[in-house]
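*Asks:* Each chain, letter by letter, is given below.
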Amino acid sequence: MIQVEALEKVYPGRKGQAGVKAVDNISFGVHEGELLGFLGPNGAGKTTTVKMLCGLIRPSSGRIFINGIDLLQRRISALADVSAVLEGNRNIYWRLTAQENLEFFAAVRGLNPARLRNEIGYYLKLFNLTEKRDVEARKLSRGMQQKLAIAVALISQSKVVLLDEPTLGLDVQASYEIRQLLKQIVKEQGRTVILTTHDMNVVQDACQRVIIVNEGRIVANDSVHNLLDLFKVKVYRITVQGGLTAEQRQALLAMEEVIIEEESPIQTAISVRLEESQILYRVIGVLESNHSPIESIDQDQNNFERVFLQILEGGSQGA
Amino acid sequence: MLRKGLLLQAFFKKELILFRRYLHNSVGGMITLYVIFLLLVGGFQGVRALVGVGADTLEGLVVGYVLWIFMLSTYQDVWYTVRTEAQEGTLEQLYMSAHGFGWVMGAKVVAGFFTNLIMVAVLLAAALLTTGVSVNLDFWSLLPLVIGTLLGSAGIGFAVGGITLVLKRIDSYTQMVQFLLIALVGAPAGRIIWMRLLPCSYGSALINRVMVGGQNLSQIGFGHVAAMILIGVGHLLAGYGIYKFCEQRAMIQGTLGHY
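Sequence order for the protein chains is A and B.
Going by the working numbering, the residue at position 30 of the first sequence is 30; the numbering climbs one at a time, nothing skipped.
Convert by adding 1000 to the 1-based position in the second sequence; the result is the number in the working numbering.
Honestly, the hints are just simulated from the structure, not real lab data.
Do not rely on the hints blindly, as some may be mistaken.
[Unchecked claim] If you anchor each label on the Cβ, the simulated ranges turn out as follows:
#1 D134(A) / A1183(B): 38 to 48 angstroms
#2 L1143(B) / R115(A): 29 to 39 angstroms
#3 A114(A) / Q1087(B): 27 to 37 angstroms
#4 I1192(B) / G16(A): 23 to 33 angstroms
#5 L1167(B) / E215(A): 27 to 37 angstroms
#6 G43(A) / Q1175(B): 34 to 44 angstroms
#7 A114(A) / Q1045(B): 17 to 27 angstroms
#8 I1036(B) / N201(A): 55 to 65 angstroms
#9 E5(A) / A1183(B): 45 to 55 angstroms
#10 P1188(B) / G68(A): 52 to 62 angstroms
#11 Y1034(B) / N201(A): 49 to 59 angstroms
#12 D134(A) / M1030(B): 20 to 30 angstroms
#13 G1213(B) / G16(A): 54 to 64 angstroms
#14 G169(A) / P1188(B): 52 to 62 angstroms
Bear in mind that the values here come from a model prediction, so they are computed numbers and not experimental data.
C-beta atoms are modelled at their ideal positions from N, C-alpha and C, and glycine is treated no differently.
Input sequences plus hints: build the corresponding full structure.
*Replies:* This is the structure in structure tokens:
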């Protein structure tokens, strides 16, 4: 559905200053019906890449094909299959109602709003906005505005939907609802969704594959499942009553696999990466040396946030 | 073409919805324009009493003021739209239109033309009633002249809109354009031929010949009308060209939707 070849973007520098390379020779493809997470730290080149896919930023070099159409050669034809939410809840008119926004943007995307009554009703219902259809967008909650912005992107019936930080600033409930909706859209409508996010819950829960970029380059491109497997390390969390002695603290910190996550006179939490089984005995030995009462030993679930951080720290060679 | 009609219809509907939804603001804007007009007339009559200017120039003032408001509204429909859409975050959505941004802005300008026409008609009626002067309102003669004149102000709007995309935050400079438009309305393009090449000035002179001089299109001469429209189209294309150049710069800099 999307093919990106050797894409590069260098922002011109100001008055004699060198340009800034935001995207550095990246290539990737996205299949029809795929929900792809495009991740990276701030300034990694995510938004620049997404905006190049929308034809809003001109690449310095490289090519982008959408449904086989060269975006740089035939911009309007290629974009007929793309819609996007780039500015979150700012992508809609705040002084128009939910329904008016959907109708207006349908016409802007070349559709007849009068023939889309069923679709408009469907999306209002899908996004739980039916009761708010006649409410001005500025009076909706942020989560509802965000959902409306996504509904506006979907009403165009484009095959590709690009979402830049769709859950940014939302509470847990709204964020959960949006990722359920995204999964539903991909599953039921076969749309291709690319999203950038810092919310690893969204990635782990909704994305089938992720591309991780850092300093403009792709550092990982694999399925969420594979990356979780690849970086599978058992982590144990040991909770101890009371604080640690100076000797205990020194001994624990000398072990690379150990992190003292929390320490107070009441309770201390230590996480241990179990790369070899001996390490756990050594940690327990240090705690026993001062008869520190162990309250619990729990195994941490491997999560995508940890995988993501490990990849950025340079553990991606295998990915 | 049907799809372009739907686009135009969507902009009409949006204009109408916002006009009605914010009626107080819309009416307040018109009252402000009317009060400014009254102040101008008051000042003008004071000067006239001092220097003994002829009564017919009050008609010129009415026509000039109303035409200036029309030109200013058209200019703002383009420039202000680009600025506001960038500020509010919707410009990038319009850029992803299946019609292309040029058509989107075209639809916006045409929809704006009709809403501005209503506003200008009300303002003109109020101005005529207040001053007691009468002007020739030959609709079919005025229509092509007004459209030709507004092409120039739309061209200026595109040029300023384009510069805004690249430079951002230039509101203090763009305010100067409204004074430039006053100068263009008042430029003596009827007498000084080179001034006909200025945006809007040729049209302004011909509109004065209809509304103040009582002439119609055939008396003005179709050559003049055609030349004025061609110059207007030239200004529109030049302004749009500047806009497209700036748009490409903004796309290279990655600042298209920023403000």
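*Asks:* Going back to the hint list, which numbers does this structure go against?
*Replies:* Those not satisfied are hints 4 and 7.
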